[in-house]
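Visitor: These protein sequence lines map, in sequence, to chains A, B, C and D.
Numbering-wise, full-length UniProt numbering puts 108 at position 108 of the first sequence, and it's gapless, one number per residue.
Numbering-wise, full-length UniProt numbering puts 71 at position 71 of the second sequence, and it's gapless, one number per residue.
Numbering-wise, full-length UniProt numbering puts 154 at position 154 of the third sequence, and it's gapless, one number per residue.
Numbering-wise, full-length UniProt numbering puts 35 at position 35 of the fourth sequence, and it's gapless, one number per residue.
Hints are not guaranteed to be accurate.
Copies of the same chain are indistinguishable here, so a pair counts whether it falls within one copy or spans any two.
[What the hints assert, rightly or not] Cross-link-like lysine to any residue pairs, in silico, SDA-like; alpha carbons within 25 angstroms at most: (1) LYS188 with PRO276; (2) LYS188 with ARG93; (3) LYS188 with GLY278; (4) LYS188 with ALA38; (5) LYS125 with GLN164.
Don't read these hints as lab results, they were simulated from the structure.
Here's the letter readout for the chains.
4 protein chains.
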Amino acid sequence: MIKVGIVGGTGYTGVELLRILAVHPDVQVECITSRSEAGMPVADIYPNLRGHFDLAFSEPEPERLKACDMVFFATPHGVAMRMVPELMDAGVRVVDLSADFRIKDLDVWANWYGMPHESPEWAQKAVYGLPEVARDAISEAQLVANPGCYPTAVQLGFLPLLEQGLVNPDRLIADAKSGASGGGRQGKIGMLHGEVGESFKAYGASGHRHLPEIRQGLVQAAGQACGVTFVPHLVPMVRGIEATLYAELNNAGDFDRLQEVFESRYRSEPFVDVMPFGSHPETRSVRGANQCRMALHRQEQSNMVIVSSVIDNLVKGAAGQAVQNMNIMFGLNEVAGLEAPALLP
Amino acid sequence: MIKVGIVGGTGYTGVELLRILAVHPDVQVECITSRSEAGMPVADIYPNLRGHFDLAFSEPEPERLKACDMVFFATPHGVAMRMVPELMDAGVRVVDLSADFRIKDLDVWANWYGMPHESPEWAQKAVYGLPEVARDAISEAQLVANPGCYPTAVQLGFLPLLEQGLVNPDRLIADAKSGASGGGRQGKIGMLHGEVGESFKAYGASGHRHLPEIRQGLVQAAGQACGVTFVPHLVPMVRGIEATLYAELNNAGDFDRLQEVFESRYRSEPFVDVMPFGSHPETRSVRGANQCRMALHRQEQSNMVIVSSVIDNLVKGAAGQAVQNMNIMFGLNEVAGLEAPALLP
Amino acid sequence: MIKVGIVGGTGYTGVELLRILAVHPDVQVECITSRSEAGMPVADIYPNLRGHFDLAFSEPEPERLKACDMVFFATPHGVAMRMVPELMDAGVRVVDLSADFRIKDLDVWANWYGMPHESPEWAQKAVYGLPEVARDAISEAQLVANPGCYPTAVQLGFLPLLEQGLVNPDRLIADAKSGASGGGRQGKIGMLHGEVGESFKAYGASGHRHLPEIRQGLVQAAGQACGVTFVPHLVPMVRGIEATLYAELNNAGDFDRLQEVFESRYRSEPFVDVMPFGSHPETRSVRGANQCRMALHRQEQSNMVIVSSVIDNLVKGAAGQAVQNMNIMFGLNEVAGLEAPALLP
Amino acid sequence: MIKVGIVGGTGYTGVELLRILAVHPDVQVECITSRSEAGMPVADIYPNLRGHFDLAFSEPEPERLKACDMVFFATPHGVAMRMVPELMDAGVRVVDLSADFRIKDLDVWANWYGMPHESPEWAQKAVYGLPEVARDAISEAQLVANPGCYPTAVQLGFLPLLEQGLVNPDRLIADAKSGASGGGRQGKIGMLHGEVGESFKAYGASGHRHLPEIRQGLVQAAGQACGVTFVPHLVPMVRGIEATLYAELNNAGDFDRLQEVFESRYRSEPFVDVMPFGSHPETRSVRGANQCRMALHRQEQSNMVIVSSVIDNLVKGAAGQAVQNMNIMFGLNEVAGLEAPALLP
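The shape of chain A in the complex, shown without the other chains (with noise of 0.2 angstroms):
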């Protein structure tokens, strides 16, 4: 059994490792920490695991984390950076599903999150870890950034045009929405469901975070720079993310093995479902599951190529690739505790 911590446990994604692990063969939760809530039980705040975990919140001492096999950290950025090095001294693996090691670009990093990073060294050994992308260097790597939840949506949808070059990479469109959830379970009134709720806006439109994160993506898949517009919206619901995607193709005629190009790239991976030419998926056929689904769609005779793309951004977005991650990591079957279908209705 991996013996497994995690820091940062009362937020969103901390919960929903817990509900993962809870179903994972492999895996003995030995803590969970948290600063605010030491002492708590776990099932306390999070009453869904009544009976699964009795696990206490505990304070985030070194010594514990140290003892165990991997380490995922829930937190806000600029928490792990500072940790991470210490854990690395002590030969623990670490999937940080924060922001700090996700960005190589340091000052890029500092200029988005407001802070120096703190840890260069291992901003740069880390793995982004993109399973579809970089399987090989997560199953060896100590430290794995676990990518945002936009930024999985949007890279699965684009890396098969742009690995082929088939469309033009200077005008890469990427409008997304998102679930409440993915704001964090902060008390923030512009997150409560007085102001959410029944009604729909943009944020971030004149620049959010996972925008680097993105185009370093789309960057490495084109093998050239990418004109990238990336516009986050905020749905009335609790889970889940949709991106409609757009980009033109270079030779309209190319659209008629778009679809053998899709199921090509992805005919081997588990977690990625090309559904049927002209499908319209749905982020509640994913909601709880591991789950990326897509589909491909064409207007009249034009070349835009549109593909939408969804997770469940606590899942494939955040926790469940984590744990994805974890099983490349550790040599287990890579869909261990990640094989229930989604909740839908």
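Place chains B, C and D on chain A using the hints.
Guide: Structure of chains B, C and D alone, referenced to chain A:
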């Protein structure tokens, strides 16, 4: 492996059965029938099942059903009572999720369901499948009538009070609230999102079909006549039932031991969770899980016992309880396929 | 034109007052105060008011308020009781939407609100502003205590029964459900969309501040002691309250005339609508409107009267009723500013 | 008083017309027709109208309609084109809220709506009723084709850019999102709360009927051919449309004057609100109001203009705009009946 058939699979209880059986270790789904969708792959209607089932809906042919070990009916009322006798003769075991076999008094049944009962013999032989009450009988039954959603939440909350004779059985009130999936998957205007969304109302307040079923169960528990008022309400959400129950304690001094009465009653039940006195169970704490959570309340020095009881109407209120019943009937581990925590948030 | 001031305008009742007063023909809003947002244009927080008000929030300066004819308090409890006496001395008329002047028994008030009352004199002089009960007193009052949201829905539904002595006052049950805007506009984790969305629960089931207010009103109507149980619930929607009320008819034969009793009681009330017997009022039928709709139900031959009563918690349950009270106090048309139909769907 | 008739009143645009006309000072609703509900009081289907209208639905008799000054069609497509010519001959003025008279190219119309057009003469004479573009023509029109909901939000957002020739008209993208009331009030399974609730998806991504209408308007504004991609999405809420629009600025230096271009364009428009640069319009800020709010965004140094535009699909996207058109046609105050602020929260 138990060979399972599902009759009437296009509704919400049908897809929920498949979702649960997809991770059940001892079951093989052989066929799922639908007259209207025969030939259509199940995953085309329910994309959450893509990759989990290759099945297509088929016509409800008796021969295929008779080749199963176990058949679930997820049909409107009036269907199972016509098909069950033939399956009984063939030795197939059946859990009927519809209302056909729930009520023992067939005049009452005919009155509420608007048709004469066509299988009075099996209506008497059927075991009412509330495992917390009738586990032994279920284990030996060939035909189990799976309880309704509201009746499950209401009965489980009242049972300890009535079995112990602690409250006045003449004045029981059950104020219950359900998400819209309880209304089924037919194209009814009243169940449109445009009608249900962002609104709340009572319905069936002058009389609902679940009232006689609830009364039958409470009378059995109390061993005497019961006066029960039951008002259901429609909540603008998809899944979940909460029932707030009111009963007058015969002896106000018994309040001191009520919590212990409830905890004792359900201590060995895998799917009933008595929360601490004064807790407020949330429907999301059981979303997707075969669980009933409940808690007790008292206001000032009143002798009114308040019980709040929550279930997922599609799981402990339908498909989950049906699988629990199947597990009991076949001597399997009662929790097989039903172990995952609820999806929260 | 009546010069109006609003104290504490950043909450949901504040914006709702402005929305209603924007179309009121006889009113000019002079100032709206907020310590935390002083200087901020109102329309920056509430963009629905862009083009309707040029006002900015201001510090709560007594001199500006004393220059008004009418001041609304839309503040947390504890504020109005400190500021009102000075306004009373200045001859200003006040409608207090907070709880400060609703309860006549100040020991009870202090117990539920956790502080001693600082204006006992005005607590006694204040008129409890339920126009359907106290229209004449309101018309002459200088200080009106605007009823709470739940108490409005519950009292209006019970009043005809208690005033006529038709039911047993010892066993009144009010099972009430509210949208999330009732929780106010503070950054509380429990009111996040991620917590409230797609879930349902009871809260305050062991005792809620509106219980003593409800009891006070019911006792007055019944002319004797009342035993009332009140359980509020949180609905995943923004606006609306539904209360399902249960009372035992003393004489079952009275069921035949109940509908007429209710219709007579409210025939001349502009804002109470008695729907046909057996109807199911929906909260959306009063969304945005200063209306209470209610309907009666009976189950089989029971002597239990069931009343379902709906209001918009922010309108008839707060700002609309406050404007109705102002209209009465100033001898205006009682429906001025309150005539638009509800927003459905 | 203008005598108004409404044809096809049982849908959401029908009830919305009544809600608005209930407070219109210059209008008397004479009749509202519905074949399916003839004889049923309007308020029985739409309880928000109780106390506002005594009308019952009637059969659509030409004589009663011809006795009106003004008739609104709130019918499915294919109805108005058959009934309008007779009303035109009788001198009645008509606003058609359906799609029958929106498209000038009748081959295109027939292709998208699946039937030949039966009134080609009036299809050419009809004025497309976007007041911000065609106010003068509307004022003299006998027949106004009320714009679709998406086309209103999309055209208003793109117009200033295209009219000034500021962007490349070949690559316009409109990613639009709508609440479920846009799907109408028919009993379609796909629009059940159980299907729509707590989920998000694109639909019609390979081609939607509003695409040719949008293109027609944009071509007119640009004075040249336009390449436009339009993808609608379904939001789990009742009302509201948000459109996020993407266009490439021909000259990146023009970004400095874009805000002024938009503000100038709409300065005298009572129902278009250009918010400060970088704002995020929310659909709730226009709920129930005949308003379009929009804001501009730029990401880093990109030459991509981003416009976010919101309307209430039933108001500025349907019934409100229809009343605005009527006001213009009859020389009334353009804002009559349309002055109330939006309902927020």
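Visitor: It remains to establish, for every hint, whether it holds in the given structure.
Guide: Hints, verified against the model:
no., hint, verdict
1, LYS188 with PRO276, "between (40 angstroms within a copy, 23 angstroms between copies)"
2, LYS188 with ARG93, "neither (33 angstroms within a copy, 35 angstroms between copies)"
3, LYS188 with GLY278, "between (39 angstroms within a copy, 21 angstroms between copies)"
4, LYS188 with ALA38, "both (22 angstroms within a copy, 20 angstroms between copies)"
5, LYS125 with GLN164, "neither (27 angstroms within a copy, 51 angstroms between copies)"
The structure fails to meet hints 2, 5 from the earlier list, while all remaining hints are met.
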